[in-house]
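> What follows is the residue order along each chain.
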Amino acid sequence: METKSKNIFSSITLWWMLTVIILFIVLAFLGLFMRTEQANLLPGLQEYFYSAMTLHGIGMAGIWYVGSMAGVIYVSAKYISPSKKVQNFSYITSVLGIVVILISVVIGKFAAGWYFLYPLPFKGTWPMWSTVAFLLGITILGVSWLVWNFDYLRAVSEKYKLHHALGWQYISGKEEPVTPPFITITTTSVIACFAALISAVILIIFYFTEIGTEKMNDALLMKNLTFFFGHLIVNLSMYLGVGIVYDVFPEYTGRYWKNNRAVSIAWNFVLLLVLFAYFHHLYMDFAQPVWMQYAGQIASYTSSIPAAIMSIFGTLAIVYKSNIKWNLSSSFMFLGIMGWAIGGIGAVIDSTVAVNTVFHNTLWVPAHFHTYMIAGLVMIIMGYFFHVVLEISESNRNERTSQIILGLYLIGGYGFVMAFYMAGADSIPRRYSSYGWDVISKGPFWAEMGLFFGLLLFLAILLYFIVFFNKWKKAYHTLQ
Amino acid sequence: MQSQKLYLTIFLLIGLLIVLTFRYISRSTKNPNPEWVVKKAYKFRGILFYVQMIVLFVLLFFTFSMLPYSKSNETPNLVIPVDAMMFSFDIKYPGTDSAGTGQKPYIPVNQLIEFRVSSKDVNHDFAIYSPKGDIIAQVQAMPGYVNVLRVKFTEPGVYSALCLEYCGMAHQIMKTEMEVK
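Protein chains in written order, with the working numbering: chain P, 479 to 958; chain G, 2 to 182.
Everything labelled a hint here was simulated from the structure, so no lab data went into it.
Please read all numbers here as calculations on a predicted model, not as lab measurements.
Keep in mind that a hint or two might mislead.
[Claimed, not checked] Here are the simulated DSBU-like cross-link-like pairs (lysine-lysine), alpha carbons at most 30 Å apart as the crow flies:
1. G:Lys153 <-> P:Lys920
2. P:Lys736 <-> G:Lys31
3. G:Lys176 <-> P:Lys587
4. P:Lys803 <-> G:Lys44
5. G:Lys41 <-> P:Lys803
6. G:Lys40 <-> P:Lys803
[Said to hold, decoys possible] Cβ-to-Cβ under 7 Å is the rule here; a few derived chain P residues that face chain G:
7. Lys601
8. Thr603
9. Pro605
10. Met606
11. Ala765
12. Tyr779
13. Phe791
14. Asn801
15. Lys803
16. Ile823
17. Thr830
18. Ala832
19. Ser905
20. Ser911
21. Trp915
22. Val917
Every residue gets a Cβ at the ideal spot worked out from N, C-alpha and C, and that includes glycine.
Kindly generate the complete structure, drawing on both the sequences and the hints.
Given below as C-alpha cells:
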C-alpha cells in the first residue's frame, strides 16, 4: 500500500475522480427529471426534457469514458510511464469541452441528443450558434482524448513491442516476454478508442464542412460514422474498466490473472469484433447493404464469447473459494462484472435482427445499456475509485455504511432498469418527453416505477459520495 | 405468447441464472480453500466455450431466416409511399388525391403491403403498432434514401404508426393511423 501511494498520477487521479463523481450526481439528477416528466408529474417543465436528455447522454458517455481512462492511467504507472503533462492537458481540455457543451445546451438549448444524428443539429428549434458550440465542445473532447490515447500507446511502445503488448507471443506458443493481461487489454482497447475518436473527428469535419459550404452530407454515411464512434466509445469504456478489474481485483482475492494464449486470443478478437458490432444500430436502416446487417449480428453474438468465457468466467473462478476481502470496492467490482453479464444478455437479445424489429428504439434499449452502465461499468469504477482513495489516504477501514450503500444501490439500480425492460416489452418508445397516445398508455406507469427505484439509487449514490468524499479529503491531505 | 413477452421471459430466466451463479460463487468464499487453483476451472471453461459457440451459431442460423428485409421472390399486392417530416407522416394511398377527399383509404387485410419510406428533413422512424399497442414492424425514414418495408396485416383494426427516431422538440406527437379491413 505504501509504495503505491507514491504513484505519480495520484494527484491528477484524485481530481479526475472527484470531477467524475460530482458530474455523475448532477447527470443522474437529470435522468430522474426525465423519468419524472415521462410519468407526467411535472408537466410544466416538459420543454426542458430533450435538452436534459442530450446533456444526460453525452455527459454519462463522457464521464465513464474518462473515469475508466483515468483509472487505467493510475494502474498503468506500475508498468509504463505515460506523460504527466498529457494527463494534465487531458484533464483541463476535458473540463473546457464540458463547459462549452454546457453553454450550448443550457444557454443555447441545444437538444439534438447525445449522438446528434445528422442532419438534426441543423434543423432544430435551437439557434445555429448552439449547434456550433456543441460541435466545438465535441471537437475539444475529441482532440483531448486523441492526445490522451496516443500518449498511452506511446508509453506502451516504450516498454513493449506492439505485438508483445497485444500478446501475440502467447498466441504463437511462446511464454516470453511476459506481458501483463492489463497491458494486452488496455492496448487493444486504446487502439479501438483511437479508431472511434478518428471517426468522431471525421464526423465533425463533415459537419463543419457543411456549415462552410452548405453542401449536404450523406445521411447514411453520417449515421454509420456516428454509431461507429458512439458504440465503440461506450463499449471500450467497459473494456478499460475490465482491464482495471484484471489488475486490481486479485489484490483482494490473492489469486492473479496470468496472460496466456486464451487471454490474448480473446482480447485480440475483441478488438476485431467490436469494430463491426456497431452495425446492429442500423438494422432498421433497410438501405444499408444486407451483408452489413448479417455482419452486425455475427459480430455482436461472437463478441459475447470472449467476454463471457474469459472475463466473466475468469472473475468467478478467481473468487471461488478464495480468501477474498469483501469491502465496498471488491463488492462493487464483483457485482459490476455481474451487471455487465446481465446487461450483455439484454444487448445480445436486441442485437438479433428479428428481435430488433420490435425492440429498436423502445425502452428496451436504455434498459440494456443502463444495466451495462449502472449495474456494470459504474459499479466497477465506483468500486475502483474507492480503492484508490483508500490506497492514497493509506486507510484500509471497511466502511460500516457499505452494506447500506450496496443494498440500496442494488435494489434501486435493478428496479430502475427493470422498469425500462418491462416498458420495452410493452413497446414503449424511448426518447419521448411524454406518452400521450392510447397505444403507449403504459409509459407513465413504468416511468413512475423507474422514478421510485431511481430515487433509491440516487440515495445510494449520495451516500457513496459522502463516504467517498471523506476518504478523498484524507487522500488529498496525504498528498500535500 | 406475444414475441416481446417471450424475449423478456428469456432475458429474465438467463438473468436469474447469472444472479444465482454469482451468489453461489460469493457464498463459496465463506469456506475458503487455498488448495483450489483457478486452473481446475479450465476444463469447465472449455466446455462452456463450446456450449456458447453451439448455442449462438444455432441461434444465428435460426434467426437469419426471420430477417425483416424484403425478399426478391415476393411481389407486393400494394405499394404505399410514406414521407416522414417534422412532425407528421404523409401516407400516399394509391388512388387517393393529396387532399384526401373521397372514400376514406384503408389497407386490405392479409395482403402483402410494401411501404416505401423516406424523409423530407431529418431521420425519423415508421413504427407500426397493432391495435393492442404492440410494435409489429418498423423501419427508419432517412433523407435521401427510400427504405422498403413489407408487412402483411393478418388482423383488421386501426393500426398506429409512431416515430421512433428522435427528430426534434415535438417528436413525441408524431403519429398517424391506418385502418386495416
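> Okay, which hints does this one fail, numbers in order?
9, 10, 15
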